[in-house]
Amino acid sequence: MSSDADEGAPAPPVDQVRTGLVGSLRSHLGTAVLETEVANGDVWVRLERAAWSKAAGVLRNELGMDYFCFLSGLDWMANPGLSGEKVWDPDGGVSLDEEGGDEVAEEPAGSHHTGVAGGDSRFQVFARVYSTGEKVGITLKADLDEADPRIGSWVAVYRGADWHEREAWEMYGFTFDGHPGLRHMYLPSDFEGHPMRKDFPLLAREVKPWPGLVDVEAMPGEEAGEGEGTEG
Amino acid sequence: MAVSTEWQKAAYVAAQAADARVHVELETEGMTLNIGPQHPATHGTLRIVVRLDGEQVVWAEPVAGYMHRGYEKLCEVRTYPQVTTLINRIDWLGHFANEVPFILAAEQLMGIEAPPRAQWIRTIFFEMARIANITLFLGDMGVQLGAITPIFFAFRDREHVLNLMEAATGGRFHPNYDRIGGLKDDLPRGWVEECKTAMKKMRGFCDEIEDLLMGNEIFQERTRGIGVIPPAVGLEYGLSGANIRASGVDFDIRRDEPSPLAYKSCDWKVWTHPDGDSFARYWVRLQEVRESTKIVDQLLESLPAGSIQAKVPRIIKVPAGEAWAHTENPLGEMGYYVVSKGGLGPFRVKIRTPSFSNVSIVPWLLRGVYVPDVITILASLYFILGDIDR
Amino acid sequence: MLGLNIDAYWATTTLKVVVVLSLIPMAAIILGYVFLLKMMSHMQSRLGPMEAGPHGVLQLMADGVKFMQKEDIFPAKADRFVFATAPIVVLMSTFLLYIVIPAGPRLVVEDLDTGIFFALAVSSLSVLGILMAGWSSANKYSLIGALRAAGQLIAYELPLVLAVVGVVMQAGTMSLQGIVHAQADGEIFGVGFMGNPFIFTQFIGFLIFLAAAQAELTQTPFDMPVAESELVAGYMTEYTGFRFLFFFMGEFGTAFAFAAIGATLFLGGWYVPGVHGATADVLGPIVLGTKIMFVAFLIFWIRFSYPRMREDQLQAFAWKFLIPLSLVNIAITGILKVAF
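Chains as they are written, first to last, in this note's numbering: chain H, 1 to 232; chain C, 1001 to 1390; chain G, 2001 to 2340.
Here chain H stands alone, though its shape is the one from the complex:
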């Protein structure tokens, strides 16, 4: 568990149900549970890739997670072209935030700023299941190999994972071993590429980079870049 305790303030009340869930999961999966986070009334668990399929069975049968919420992917590469965006300054004109600000700095090549419950690869698969009896849900993550992102399928345990895994394959290129037939969900069958990956370009942003938060449309005649009129 890695919830931060405020200095000087009393420690936040321990979330019994969710901590119990984590403990139960650890007892079934052992060292496959890499990192956990219980915070804000929710619980995240990161698993080893090899234990992904087994975890589905454990969740459904031992922990009573009967409701399958969703399964999808995460690509932790930085949004291309979005650092160095323009920021609107209320006191003046538009300035270029060239220092990169505090949070959106250029990331050193090769490293990834990953989220809750850690992770050390560019691709992650994450899923959420819920127990209608206990009224508690859990989010699971697993790291995937960047060169060959493949992981076990959940279809044998949660039939609804069929469509979600198809979508993850289509959008990210993840392969799910044991899936009855990975084929396109939304895109035509001859589509090339995996659109949700950060290196798949959004065409509009290729033509013109993201302008950032631009609040005010200039008056006609004052627009930068407008042609010279007779009225100078």
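These aren't lab readings, by the way, just hints derived from the structure by calculation.
If you're wondering where the values come from, they're calculated on a predicted model, not measured in any experiment.
Note that the Cβ used here is the ideal one computed from N, Cα and C, for glycine as well.
A hint or two may mislead.
Simulated coverage check for chain G against chain C, where a stretch passes if three residues somewhere in it have a Cβ under 8 Å from a Cβ of chain C [claimed, not checked]:
1. 2044 to 2052
2. 2268 to 2281
3. 2301 to 2307
4. 2310 to 2318
Among the chain C residues that face chain G by a calculated CB cut under 8 Å, a handful are [said to hold, decoys possible]:
5. G1142
6. T1149
7. F1153
8. M1214
9. I1218
10. E1221
11. P1372
Once you've looked at the hints, dock chains C and G against the given chain H.
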């Protein structure tokens, strides 16, 4: 047939030949039929490929994606306030309901709580979105079954709700009203009274539809026992909302999950039905509309005064983190998993839409079903294309 | 008349044929406008067409012109001859129905002794036309619709005929003029001023006739063959332009004819108490027209209100409910006829 004339023999041979021709040309075994993408019955451009044996379905497969707009990718290049304009259009009949979970996720990451008045009004509008959405379903199910009149009453009475939304937000179908930290504008003068009148009219409509359609013997014969979904299978597929409550599962996010919305401040009931067939789904939704009108009435009574927007910075930068927020939308459970890296816009938004999971059960559900029942089942599952395809 | 040796028979026959031929589109237009465009719209709390002519009376004319000027399209794989002939077969069965319907004591094309028998036999010819349409369209939807229609129409012929048998027994004749006279001259328990419209004694028969007629016309709740939200338009899917117009006229013409037959069998036809002889020839059509509107009102009212039944439920309704009921009706009629 000891003695058969030449004429009889010739007739027999001709009959056999005709039979062979018919079977070869008719392909009575396994005719493949495309329902859609242009079809009056599907709510938008959904294509369902079915293989028929006579009038029975042997195999069915929905092909989605004719309306895929790439919302998740688009959200990555928008600021947080800009995202709400996009997500209004996911489930376009329950418009306001799409904005709320996203705003709640962002507020959770920022650690901001909207003031009580804003939460109350959010809940009222959420329930009104539910009323607008499900009212259409009540009429539409009739049309799918051949009763062409109730849907006109549904459209006519829905206008009461849409007019109110327009009065407060400026948009009948895409209000774009929710903001991080509260709402865009306060309610206009006299709105509360008009809303109470409208709720009374909606209750009248529910009674009318109950008499007109639900009590009709033909409607009952067409829907009872059709498309039964066992609760365990439904939960595995991720069915949510009225679909799973009609199978007897007592699961309602408004009651079960903590949220800043005002559901805990009023008295209301979750409706379930044990049968799990198409009639049960229709019945549960009818009761839900009635219940929504009661919720709105109670919230209007207890509407607190105050500001409708918390103090938020001019330029909203949401701190880094991940948040999951989900609500009981008209179609089911809708949720947003927002990953923020501290920028002006989200880093990744996973949009969990109810219809995507609701429709994933169709291949399993349609096996062995007659062609007219296919339409009944699809109508009773009630999906919106924008919700499936995002 | 004109100094030429015109046989009176040919003159009157030509006149009758012209009247009937012009009656079909008129019937379609009247029924279509009053019930389909206006009654349905008002029941659905909307106005219906209002632009073409005052209150939209010319809308169907405009639609007719629109249909006539459309391109004559054949689907690529369609069997051309059968495709073209199918609407004509359907329309022909409609025309033949009008031969026996009397509009006055002397206003009938041909008063056959087997009037009603002929009418029912000829109305089932439309099944052929529908099957031809569905088959030749080379479209799976059309084929499914045609097969459904064939099964349905054949199944509902029986209740139709059996319901009529009760009336025939009571009237003692199959000729439609004879049935009208039987209702005109009869009395109810000695009260003779308004005759004896068979709707009172044959009430069950009337209901069965209405239900069976609804099915014969493929109207909701029996409109599986043309289930709009499932099969697009069933066997009519591939038909456009004037061929579709033929089907449309056939549908409403047959509705008019069935309403007329229903009015004649059960409501007394052209007869109204107190009117005899020559005035009946003038008043008869108007009276019959009013009664037709009443029966058609019932048919269309049910059409707009009810959902449709599934094919197997529809067949079960015919075979397991309507036919036994009509047999019971015949038995009771027979007993009462002998007893009284």
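Each hint tested on the structure:
1. 2044 to 2052: holds (count 3)
2. 2268 to 2281: violated (count 0)
3. 2301 to 2307: holds (count 4)
4. 2310 to 2318: This one holds; 4 residues, not fewer than the three required, reach chain C with a Cβ under 8 Å.
5. G1142: Holds - the Cβ of G1142 (chain C) comes within 8 Å of chain G, reaching about 6 Å at its closest.
6. T1149: holds (5 Å)
7. F1153: holds (7 Å)
8. M1214: violated (11 Å)
9. I1218: holds (5 Å)
10. E1221: holds (6 Å)
11. P1372: This interface hint holds because 5 Å falls under the 8 Å limit.
When held up to the earlier numbered hints, the structure conflicts with 2, 8 and fits the remainder.
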